[in-house]
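Novice: Chain order of the listed sequences is R, Y, X and B.
Here the first sequence is numbered in this note's numbering, starting from 260 and rising by one per residue.
Here the second sequence is numbered in this note's numbering, starting from 260 and rising by one per residue.
Here the third sequence is numbered in this note's numbering, starting from 260 and rising by one per residue.
Here the fourth sequence is numbered in this note's numbering, starting from 260 and rising by one per residue.
It is possible that part of the hints are untrue.
Since the list gives no way to pick one copy over another, a pair counts as held whenever it fits inside one copy or between any two copies.
Stated by the list, open to error - Cross-link-like lysine-lysine pairs, in silico, DSSO-like; alpha carbons within 27 Å at most:
(1) 315 to 498
(2) 400 to 479
(3) 494 to 300
(4) 261 to 302
(5) 302 to 479
(6) 261 to 494
(7) 369 to 479
(8) 552 to 415
(9) 479 to 415
(10) 494 to 552
(11) 293 to 262
(12) 261 to 281
(13) 369 to 281
Simulated from the structure, these hints should not be mistaken for lab results.
4 protein chains.
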Amino acid sequence: MKKVGFIGMGMMGAPMALNLHKAGFDVTVYNRSKERLQPLKEKGLTVAETLVDVVKEKDVVITMLSNDEAVKEVVTGDNGIIEYIEAPTILVDMSTVSPDTSIFLAGVAKEMGVTMIDAPVSGSSNAAENGTLVILGGGDKQVFESIGDVFRAMGKTTLYFGENGSGSKAKLVINLMLGITMQGISESLVLAEKFFLDRGLVLEMMQQAAVASPFLGFKKDSLLREEYPAAFALKHMHKDLGLILGQARENGSVLPATSAAYQSYTAAMNHQMEDMDMAAVFSELLQQSGVEKK
Amino acid sequence: MKKVGFIGMGMMGAPMALNLHKAGFDVTVYNRSKERLQPLKEKGLTVAETLVDVVKEKDVVITMLSNDEAVKEVVTGDNGIIEYIEAPTILVDMSTVSPDTSIFLAGVAKEMGVTMIDAPVSGSSNAAENGTLVILGGGDKQVFESIGDVFRAMGKTTLYFGENGSGSKAKLVINLMLGITMQGISESLVLAEKFFLDRGLVLEMMQQAAVASPFLGFKKDSLLREEYPAAFALKHMHKDLGLILGQARENGSVLPATSAAYQSYTAAMNHQMEDMDMAAVFSELLQQSGVEKK
Amino acid sequence: MKKVGFIGMGMMGAPMALNLHKAGFDVTVYNRSKERLQPLKEKGLTVAETLVDVVKEKDVVITMLSNDEAVKEVVTGDNGIIEYIEAPTILVDMSTVSPDTSIFLAGVAKEMGVTMIDAPVSGSSNAAENGTLVILGGGDKQVFESIGDVFRAMGKTTLYFGENGSGSKAKLVINLMLGITMQGISESLVLAEKFFLDRGLVLEMMQQAAVASPFLGFKKDSLLREEYPAAFALKHMHKDLGLILGQARENGSVLPATSAAYQSYTAAMNHQMEDMDMAAVFSELLQQSGVEKK
Amino acid sequence: MKKVGFIGMGMMGAPMALNLHKAGFDVTVYNRSKERLQPLKEKGLTVAETLVDVVKEKDVVITMLSNDEAVKEVVTGDNGIIEYIEAPTILVDMSTVSPDTSIFLAGVAKEMGVTMIDAPVSGSSNAAENGTLVILGGGDKQVFESIGDVFRAMGKTTLYFGENGSGSKAKLVINLMLGITMQGISESLVLAEKFFLDRGLVLEMMQQAAVASPFLGFKKDSLLREEYPAAFALKHMHKDLGLILGQARENGSVLPATSAAYQSYTAAMNHQMEDMDMAAVFSELLQQSGVEKK
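Next up, chain R with everything else stripped away, as it sits in the complex (with noise of 0.2 Å):
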């Protein structure tokens, strides 16, 4: 079996490093902060002490970190891994990151003689714990298959997309059907609440209809209660929604009602909903329209 570096042991790449330990990958995990290492170790996994342990003489290297500038220093930074490097290793990351950013990587790869995949994944933390996230790549066409195996311990689809950055292109796609749903969402039930219609009934409704998603069903307590424990912060939605809106002005997306949307996760954030969930943008909505926390 393959050997794996793992590095980013948070909400999602624990979980995703435990599955491919499960399915029989030799792995060895890293995170900046230890305390998230011991209840790995204490499961199996090999557990490195620096940057340079988890990269060495693996087959694969796995990155999974909160945003395009941790992986930037953990993969090219003072220290960076690209240093210790070599092919054949090749080099996935998985973090959510800007189609800018997985272009870059991927060229400084290259240019130290490395492959690099893009395959950032769609799906919670949930996900990465039953192993059901779905993949999606970009890079070498066949260099990403020929780590199919190593996917598939972690989700339940891999879907491949073309040349590197297309997997974080995906990945922004996929986002703003989120974000614009999370709006529709919170717009039928202003509309429903300025009707004097029961929210709870509204959201069973919308559970029973054609446009029932699990993502509706994640976020149904939350609307309901107007309490916003943060699965998808935010501000990560927000960030998001405004890097999909950067990329629209390079390429001449017309996307009107994500504009639009955008502007109320951006009042939500200037009203201290950064940390909530993302469905806060429901109260914010709420908010301008009048109505009252119960």
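Using the hints provided, position chains Y, X and B relative to the given structure of chain R.
Specialist: Relative to chain R, chains Y, X and B alone:
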């Protein structure tokens, strides 16, 4: 079993009446154009020649017609059924009409001593055939519950929302969600197109992701081919969104993404897509984004 | 000189009637609340006690009232003036009402043998005092021109737009421009605020630039202080924009920025700014942008 | 009198340099393509053959170039002027560039011991010729004021906004107002068209109303004829609005109408209107509204 008169044997009404018949109700049907009645006659339903015949001595009279004007004409127009119905017959309008129309008709009925219920449905003709509609009720609660057996023969779920007009309001809420979901899918696909991602793959990704919905499944082929045989005609969605925004004007709902989406549907209307499926709004957005049909 | 009956001695009507008097017309005025009539009496205008008195034996009868309902009541309500007016008296409504109301009233008048003109005005009470209104006419062209002397006494420009309702349509067009200009000024100032630019300087820049307008001059102080004594109440602009979007729904106009601006005015309405000047939409946008009042 | 070096003899730069010359300054000019220099030579300005010649031993060096890249190349590129300029020569960039570029360049200059000022202008080539530009300044206040005589020779008003970048920020603010005003005029005219009102009359009404502006006067003929020779190219307004929305993403400005307008300009870009005047957004909206060119 109850005797049911059913007016309007369109794409929705015919299978609904048939399901009532199958459930053992004594069903008499009426339709303005008579050619739609023959298949129902062959299946054992009673066919009424006149509006008078379809309503007299029934427990429940159901109307399922195409729009506000059609319902108003059949119920309160010249020779309208309200002249012939007598309590305790219950009048149930299952058409999609504006809340104002529902409230108006219930008021007229009440003056004539008849109880009227608004009970529009969520679901396509497919759901009508399978008896899996979601029924959205408004009007007197006791009366509504007294005919629960009738609703259960046509739908999988029956939700009671409150006084007259509430059913029609709930229907607008669900249609807002449909309209904005379609817009969201379209904007996602526009961005994907501009990213040169494969459309089929992107649709597959959406269907695997948390935003997957039966609705997306229904539209997938149309979006892939940019061919739009109407399941839900764009002009109807345009009309419903117009109605929604009209209601929002009156009740102060802030609906920025809905308002933005409405502009796209309006442009599609202006570009001769009114009789296509609502999914054609995707082609409008592609055109605005400068993407030629392949 | 022509004999003119003038109904409605509000902020606009009173100075308009006075200008007619100064120009030598024989002016009789009427107002529901009588205290507004005394100053006009002192200046030599004839005061009518009843609606009958203000309309009988006049060449022209002008109405200048606050909204559609008020005009409808005075013209076609119980004891409405349409019962007492006889050709060749010409009825001229100068109120801001919907095109539908203008067309309806002209139709009723025509049935009674009377020609009605819609002639709403562009301009504030200041312009009414100075006789520098812009008069926007709809209705029979010959009749409209036959009373050009009357219009010239009140306005600097008289524009004839076509059949009945056209004057009211033109008025909506100019009010769309007002509403979106106010929104544009507000968004410019929000951006400036977030850039930490001095608001007074930015307003001075605008007044020196090609976009400078008298309108900007009128609003400058309000915007600087975030204090909004109503010259044009926000609720009226909200109503007019709602009317505009309602007309756009019927005629297929694509108005994306107007639709977006309407959401901001609606939020301002929901935040108790309805009786402030329309410029208060700036404070709504500041609030959404997280900027505290200084 | 001060010795001024002036780089960039385009539509704006040439008349600005000429006005400096007329005001008695000792002006040396430079332009990459030499044919634009001959007319200035004939009028008595000194022509520099090289960048070195235009900057050495000057009191003030002005750049007036087409975009960020051009300014960066001339100032900090290979053989850029920053190598040759020595204090106390003051470097003044009057081009329209992003605040980030202004701040970056001023930082580089400072490291080289040179003070740089950003002083973009509001006003067309007409205003450049007449010396009626509005000059928007950012940078060291004392330095800025020390060259007030230079600015007064080119503009009617000089406004100081604060530290480096502030001038460029103010320029974005005024361009937001231009962009949304153009959109507002266009939407007003679209509604008018759908009302079948005469376009020329409607434009006359606007010019008589409180929203009248010089800007409206400049665009009137283009709008009337739907012919758009570029005074301010649509692609530049599109770029500026993109830059504005990019800044808003960073600073949290809520700009709903600007965002909506940007979609219309983007669609116009996608429909080959990039080199037309920005007023062409009107034709884009007409097209979306289903109105054929007459």
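Novice: Compare the structure with each hint and give your call.
Specialist: Structure-based check of each hint:
1. Taking CA atoms no more than 27 Å apart as the test, residue 315 paired with residue 498 passes in neither setting, with 34 Å inside one copy and 46 Å between copies.
2. In this assembly of identical chains, residue 400 and residue 479 lie within 27 Å of each other by CA distance solely across copies; the values are 26 Å between and 39 Å within a copy.
3. Within a single copy, residue 494 and residue 300 get their C-alpha atoms no closer than 32 Å, and across copies no closer than 57 Å, so neither meets the 27 Å cut-off.
4. Only within a single protomer do residue 261 and residue 302 lie at most 27 Å apart by alpha-carbon distance; the minimum there is 19 Å, versus 64 Å between protomers.
5. Taking the closest pair of Cα atoms, residue 302 and residue 479 never come within 27 Å of each other, the shortest separation being 34 Å inside a single copy and 43 Å across copies.
6. When the C-alpha separation of residue 261 and residue 494 is checked against a cutoff of 27 Å, the pair qualifies neither within a copy, at 37 Å, nor between copies, at 52 Å.
7. Proximity of residue 369 to residue 479 under the C-alpha cut-off of 27 Å is found in neither arrangement, the shortest distances being 45 Å within a copy and 37 Å between copies.
8. Neither within a single protomer nor between protomers do residue 552 and residue 415 lie at most 27 Å apart by alpha-carbon distance, with minima of 40 Å and 32 Å respectively.
9. In this assembly of identical chains, residue 479 and residue 415 lie within 27 Å of each other by CA distance both inside one copy and across copies; the values are 25 Å within and 21 Å between.
10. In the homo-oligomer, the alpha carbons of residue 494 and residue 552 lie at most 27 Å apart both inside one protomer (22 Å) and across protomers (25 Å), since each shortest distance falls under that limit.
11. For the homomeric pair residue 293 and residue 262, the shortest alpha-carbon distance inside one copy (21 Å) is at most 27 Å, but the shortest distance between copies (64 Å) is not.
12. In the homo-oligomer, the alpha carbons of residue 261 and residue 281 lie at most 27 Å apart inside one protomer (13 Å), although the nearest pairing across protomers, at 60 Å, exceeds that limit.
13. For the identical chains of this complex, residue 369 and residue 281 are neighbours neither inside a copy (31 Å) nor across copies (59 Å), given an alpha-carbon limit of 27 Å.
Of the hints listed earlier, those the structure fails to meet are numbers 1, 3, 5, 6, 7, 8 and 13, in rising order.
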